[in-house]
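Undergrad: Given next are the chains, with one letter for each unit.
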Amino acid sequence: MASEHIVVNCTINDENTTFLANERDSLLEALRDRIGLTGAKEGCNNGNCGACCVNMDGRIVNSCLVMAAECEGSDIRTVEGLASGDQLSPLQNAFLEQAALQCGICTPGFLVAAEALLEQNPDPSEHEIRYWLAGNLCRCTGYDKIIKAVQQAAGQSVV
Amino acid sequence: MVTAQSQPQSKETEQYDVIGTRPIRHDGVDKVTGAAQYGADITLPGMLAGRVLRSPHAHARIVSIDTSKAEALEGVLAVITNADFPRASDEVIDTGEGTAQLNWVLDNVIASDKVLYKGHAIAAVAATDHHIAEDAIELIEVEYEVLTPVLDVRDAMVDGSPLLHDSLHTGEMDGSKSDNASNTASHLQFTKGDLDAGFADADVVIEREFETSMAHQGYIEPHNGTAYYRADGTLDIWTSTQGAFVVRDSVAPLLQLSPSQVKVTPMEIGGGFGGKIPVYLEPLAALLSQKTGRPVKLTMNREEVLLATGPTSGTYMRVRMGAKRDGTITAADVHLAFEAGAYPGSPVGAGAMCALAPYDIPNQRIDGYDVVVNKPKTAAYRAPGAPQSEFATESVLNELAEELGLDPLEMRLQNACEEGAQRADGFTYGVIGNVECLQAAQDSPHWQSELQGPNRGRGIAQGFWFNIGFESSAYAQVNGDGTVPLVLGSTDIGGTRASIAMQLAETLGISAEDVHPHVVDTNSVGYTQVTGGSRTTFAGGWAAYETAMDIRRQMEERAAQIWECDASDVTYGDDAIIRGPADEDGNDQQFTFKELAAQLVTSGGHIVGRADVNKTSSGPAFATHIVDVEVDPDTGKVDVLRYTAVQDAGTAIHPAYVEGQMQGGVAQGVGMALNEEYYYDDSGDLKNASLLDYRMPTALDLPMIEPIIVEVPNPGHPYGVRGVGEVPIIPPAPAVRAAIANAIGVHMNELPMSPRAILDATVLGGD
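Protein chains in written order, with the working numbering: chain U, 8 to 166; chain Z, 2 to 768.
Hints may be right or wrong, so weigh each one.
[To be verified] Which residues of chain Z face chain U? A few of them, derived with a C-beta cut under 8 Å, are:
no., residue
1, VAL33
2, ASP153
3, THR192
4, TYR220
5, GLU222
6, ILE270
7, GLY271
8, TYR658
9, MET697
10, ALA700
11, PRO756
12, ALA758
13, LEU760
14, ALA762
15, VAL764
16, LEU765
[As the list claims (entries may be wrong)] Covered, in the sense of this in silico footprint (three residues per stretch, anywhere, with C-beta under 8 Å from a C-beta of chain Z), are these stretches of chain U:
no., region
17, 93-104
18, 143-151
These aren't lab readings, by the way, just hints derived from the structure by calculation.
All C-beta atoms, glycine included, are put in the ideal place defined by N, C-alpha and C.
Full structure from sequences and hints, please.
TA: Shown next as structure tokens:
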């Protein structure tokens with residue numbers, strides 16, 4: 008029953024990273040337990056809540072559904088990589104200004120997912136935002152203020 | 002800090018500088034950068050990972066547990082069962098939003114002789130790695146004698162039903178107990194007037210039966226608990242909890258430690274809604290740490306959260322209500338049977354007190370039954386008990402209005418409680434905003450609009466929740482630059498650092514940005530009750546107000562000392578100017594807050610203000626919700642088209658977070674109305690223990706939720722606060738039910754009103 012360990016080389020938030028993963032580790036477990044990046048959260052561990060959402064090679068993935076060993080050579084971006092130094096991204100600022108978080112546990116996943124939306128579709132409609140974010144569960148806000156924060160970050164007027 | 006866009010302020014809050022504005026929350030940056038440390042984020046040197054073995058059966062006697070193979074696995078350092086805990090007495094302890102017998106608290110944490118629900122903890126292991134811990138629990142061998150499960154609240158109440166607890170007898174309000182053991186833990190009754198006479202006066206009487214499913218709070222962060230027991234007998238616990246002191250006062254007696262040996266650090270919390278008040282993992286982590294001498298972290302996965310933490314009660318309810326032709330309600334008879342889960346303690350008492358609370362009905366009887374069944378022990382969930390009982394009563398009221406051809410909003414106005422009205426439980430209202438909410442709803446663009454289209458309907462419902470006060474503690478120091486760190490004991494579950502800090506800032510006359518709120522461990526602040534009951538902004542804010550008044554008094558004294566005058570001649574004004582008598586040359590003497598702050602160190606030292614409050618008063622909250630839905634007749638799916646939530650906040654301290662509470666409460670209420678249910682098979686196996694199958698609303702399932710904040714200040718609070726978190730979960734289910742009836746002419750009598758239930762009631766004909 009002993010597990011093998013695997014050396015994984017990848018880029019995380021623009022930094023070359025080498026870590027030792029248990030062969031059974033998901034990317035989420037590797038990020039949190041092996042590398043110490045705890046911004047991605049475990050909400051369900053089976054891809055239903057989006058709290059562990061990270062960007063892997065330009066694609067949004069639930070990191071609980073990716074094996075750490077799959078990440079060899081990958082370019083991974085997490086919530087910790089959204090700000091530049093002490094400068095928050097426009098989306099992070101919008102989340103604060105719109106009060107788009109209450110407990111904040113789902114926020115990292117929403118931010119990573121919404122950043123990817125705005126890269127692909129800089130001027131999304133309300134429906135497009137809701138559709139894109141339907142894989143991220145929030146239990147506190149009822150989503151209103153999250154949608155409005157994304158609209159604000161897209162430069163849309165927010166009522 | 003930055004201040005978000007300013008919003009028009011209501012008349013009530015124009016008198017304030019800070020209250021009613023929308024500053025960026027103090028913990029905001031940490032929460033958008035991933036820096037905030039939630040319970041599962043902690044790592045300690047030498048930390049072990051734990052895992053819990055859980056029962057596959059809903060009801061079984063434990064014949065034997067063999068842990069030897071698990072103990073022999075390399076990397077496993079300890080395995081514990083209930084037998085490793087000190088024997089727990091039947092003393093009753095405070096569990097945050099209720100009380101419980103200590104032995105039942107222990108048995109729920111880890112089963113003793115019987116397992117009482119699927120997922121009931123049996124054993125726990127600590128290992129050097131969580132994968133090893135996962136393997137180890139598979140090696141524990143348990144022999145069960147499987148018993149017949151009791152899964153329906155009505156079946157459980159029948160004489161001859163299998164019993165969960167041989168020692169449980171039905172308690173009555175007069176303190177008497179039933180002779181025979183029963184699954185009914187208690188019965189309560191509130192009465193008012195003459196019920197028979199009331200029904201005799203009625204022109205129309207409607208009686209309906211309702212069933213609602215257990216539903217889970219659905220916080221996105223699973224439970225966690227990390228403990229480190231040291232050789233000197235001190236125990237540190239880090240956990241996501243709504244009440245650090247409740248954790249301390251639960252774990253200490255379970256391990257037979259003094260509360261002074263236990264320090265609990267509340268980590269950032271990823272949602273709770275009442276569900277993160279009881280202890281689950283903390284006592285197990287503590288005992289595993291005691292056995293190994295190393296820190297131990299336990300976390301639940303989502304299946305464990307759904308199986309084995311505390312959802313809200315499923316119910317069977319019956320309501321009979323009578324009214325005159327003009328709409329006057331003459332009598333109401335309410336029967337509530339609530340599933341407590343495996344141990345007594347459903348929220349039926351609160352449900353009973355809330356059931357008819359918005360209305361001045363002269364003749365009432367409300368019966369409530371707290372009933373154990375083979376399902377997880379229920380916990381508080383946002384306005385515990387009220388979404389169920391008010392679903393039943395609001396639904397019958399809506400049907401009465403329909404039967405009488407009356408406007409349901411007008412009929413509510415006609416019967417609405419106002420100041421001086423008395424509930425059946427004896428409580429008499431002070432200043433309340435019940436009527437004001439209904440009027441604001443009546444004036445709203447939504448109610449004034451016309452709804453068109455096939456299969457569309459509109460519904461309305463009212464909600465009531467008490468709100469509570471109780472103990473909160475705070476202290477704050479004035480720094481030389483005029484900034485003020487504020488120390489709090491209340492877990493910040495959704496912006497209360499900001500709402501409490503704003504009340505300190507308002508009282509001192511400084512900006513919200515100059516106050517720096519911190520939530521600390523149980524050794525570093527005075528006793529503070531749970532973040533729950535909609536009490537935190539109310540009682541925490543009151544403690545902050547008293548703390549600020551303490552600082553004002555001390556600053557007056559300090560200025561008097563500097564000016565060499567009598568403290569009684571110095572006044573700290575609401576503009577944060579400290580004014581003294583004219584000096585010997587006749588010049589006015591005054592300090593701004595910051596000027597005096599800068600002189601504190603050289604004039605005698607820092608100033609620390611502190612306060613402990615224990616408020617038994619509260620500011621009741623009312624809400625009126627309007628919803629438009631469209632029902633797909635082919636699939637039974639209900640789409641929410643438009644939603645308006647009106648609520649009396651007393652005073653909205655931070656309106657953005659008041660709106661957020663209202664919108665979030667609506668989302669949970671809509672989930673409870675349309676989709677969320679605990680789906681058990683006949684063996685007591687929960688068939689939908691994942692977030693795919695336990696279907697909570699997504700962003701795509703909801704429209705924008707329009708909040709209308711009504712402000713009828715609570716005269717029992719320095720700033721008029723009532724508390725806002727809980728009441729908005731109550732009206733959605735009955736409002737949605739009314740909208741569905743309006744759309745397709747069918748009254749649904751169960752929750753959730755899922756596509757399956759709606760098809761059963763329509764095209765499939767009900768049988």
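Undergrad: Each of the hints needs a verdict: does it hold here or not?
TA: Against the structure, the hints:
1. Proximity of Z/VAL33 to chain U holds as hinted, the smallest CB-CB distance being about 4 Å (cut-off 8 Å).
2. Given the 8 Å rule on beta carbons, the hint for Z/ASP153 is violated: about 28 Å separates it from the nearest Cβ of chain U.
3. Interface restraint check: Z/THR192 against chain U, minimum CB-CB distance 38 Å, threshold 8 Å, status violated.
4. A distance limit of 8 Å between C-beta atoms decides the matter here; for Z/TYR220 the minimum to chain U is near 6 Å, and the interface restraint holds.
5. The criterion of a C-beta within 8 Å of any C-beta in chain U is met by Z/GLU222, whose closest approach is roughly 4 Å, and the hint holds.
6. At a threshold of 8 Å, the smallest CB-CB gap from Z/ILE270 to chain U is about 6 Å, leaving the interface hint in force.
7. Interface restraint check: Z/GLY271 against chain U, minimum CB-CB distance 3 Å, threshold 8 Å, status holds.
8. Interface hint status for Z/TYR658: upheld, as the beta-carbon distance to the closest one in chain U is roughly 6 Å, under 8 Å.
9. Taking 8 Å as the C-beta contact cut-off toward chain U, the hint placing Z/MET697 at the interface holds, the least distance being around 6 Å.
10. Proximity of Z/ALA700 to chain U holds as hinted, the smallest CB-CB distance being about 4 Å (cut-off 8 Å).
11. For Z/PRO756, the suggested interface contact is broken, since its CB lies about 18 Å from the closest CB of chain U, more than 8 Å.
12. Violation of the interface hint for Z/ALA758 is found here, the shortest Cβ-Cβ separation to chain U being roughly 23 Å, above the 8 Å cut-off.
13. At a threshold of 8 Å, the smallest CB-CB gap from Z/LEU760 to chain U is about 24 Å, leaving the interface hint violated.
14. Interface hint at Z/ALA762: violated, since its Cβ lies 27 Å from the closest Cβ of chain U, which is beyond the 8 Å cut-off.
15. Evaluation of the Z/VAL764 hint against chain U yields a violated restraint, the C-beta minimum of about 28 Å exceeding 8 Å.
16. Among the interface hints, the one on Z/LEU765 is violated; its C-beta lies about 29 Å from the nearest C-beta in chain U, farther than the 8 Å criterion.
17. Against chain Z, the region 93-104 of chain U contributes 6 residues with a C-beta closer than 8 Å to a partner C-beta. That satisfies the three-residue criterion, and the hint holds.
18. Coverage of a stretch by a chain is defined here by at least three residues with a beta carbon nearer than 8 Å to that chain's beta carbons; for the region 143-151 of chain U and chain Z the count is 9, and the condition holds.
In summary, the structure is inconsistent with hints 2, 3, 11, 12, 13, 14, 15, 16 from the numbered list given earlier, while agreeing with the others.
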